[in-house]
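Asks: Throw the hints in and build the complete structure from the sequences for me.
There are 2 protein chains.
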Amino acid sequence: MEFSSKLIEQAVDAFAQLPGVGKKTALRYVLHVIKQDKEQSNNLSSIIARLKTDLKFCSNCHNISEQEVCEICSNAARDQHTVCVVQDYRDIMAIENTGLYKGKYHVLGGLISPLEGISPSNLNIETLVSKISAGSISEIILALNATMEGETTSFYIFRKIAPYQVKLSAIARGIAVGDELEYADEVTLGRSIINRIPFDSLLKK
Amino acid sequence: MEFSSKLIEQAVDAFAQLPGVGKKTALRYVLHVIKQDKEQSNNLSSIIARLKTDLKFCSNCHNISEQEVCEICSNAARDQHTVCVVQDYRDIMAIENTGLYKGKYHVLGGLISPLEGISPSNLNIETLVSKISAGSISEIILALNATMEGETTSFYIFRKIAPYQVKLSAIARGIAVGDELEYADEVTLGRSIINRIPFDSLLKK
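For the protein sequence lines, the chains are S and Y, in the order given.
Just so we're aligned, residue 26 is where the first sequence starts under the working numbering, counting upward by one.
Just so we're aligned, residue 26 is where the second sequence starts under the working numbering, counting upward by one.
Each hint can be trusted.
Which copy is meant is left open, so a pair is good if it fits within one copy or across any two.
The calculated lysine-lysine pairs, modelled on DSS-like cross-linking and capped at a C-alpha distance of 30 Å, are:
(1) Lys185 - Lys156
(2) Lys156 - Lys127
(3) Lys77 - Lys49
(4) Lys31 - Lys81
Simulated from the structure, these hints should not be mistaken for laboratory data.
Replies: Here it is in structure tokens:
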């Protein structure tokens, strides 16, 4: 694409760095910002700057936080002995929205993916292991995507923490609530039969 | 969606103002900015601010420009008597990329759309009419989308400039180069037969 203005070109390049945004979409965003009220575009501009200055990663669980230690880690009312391992901040949001988990989290910051060049050393796995070796954790719950990358990462963590005395579980795979059996894929359906659960546990919630 | 951080919530709201961006996509953008190098996010932030301060709309054709009068309008080598009417900056880019048009432009800034609350008074139509009434223009080419909104706008402009002595044309509708006839819709195919062109004009380019 050829732009008549150098500034527009630079702005398109900057927006095109966002995930899933190509040059055409970036140009759409740029034209929208040009049309916006000055107040709105200044707000977007200043908030982007503040994201880098005001936010940190929690020193304990690597969650995004405005403090040195995040709200969940500093909340004494939560179960200190259970740690749920997730990929990123969005997964914490999703699990918190269920209202059914009261333990702590550990954010990996990604999943092992040789295709994208993400190896275990790029993830927060070492800090998880040292937390476990410190000894105060009784259960680790792996809550990673049910994808190739998620399963690989789960298996890697399983091997890493095998030497330690800690209960390791993974969130259940099965038929989603509201789904019809006949449309479920074979792997999911097969697993849901093998990992069948006592019926009365379905009645709890 | 509930966010643990007020800042993240504000940032998601700011990004969600961009066209076609919902809260989930906005959150993806926000998390990406948090992970980015400080330099990159500062660049995005400052360039958004500059878009509003450094860019203007050309006083003649309403195109986006870094000067008071845009490069195309101030280019004396271009045909001063032909004006191509387009919806926005992207259409100018597309037409300029063909390299086949050497006249000037007039940017409407949108299309008439009662559903979106855009009426003729929201568009740069009056300035087009006064340009024509000034008398130096010999041809107006309507290059608007082949949609309901585009056709409505074309027809509105046609009626507005009917009193003036100016040639009015519209870009050709027909089978796109590379398309197969059997997959073309009936309206397009029908029009392409009615508006058939001398064969030798196909040989020129």
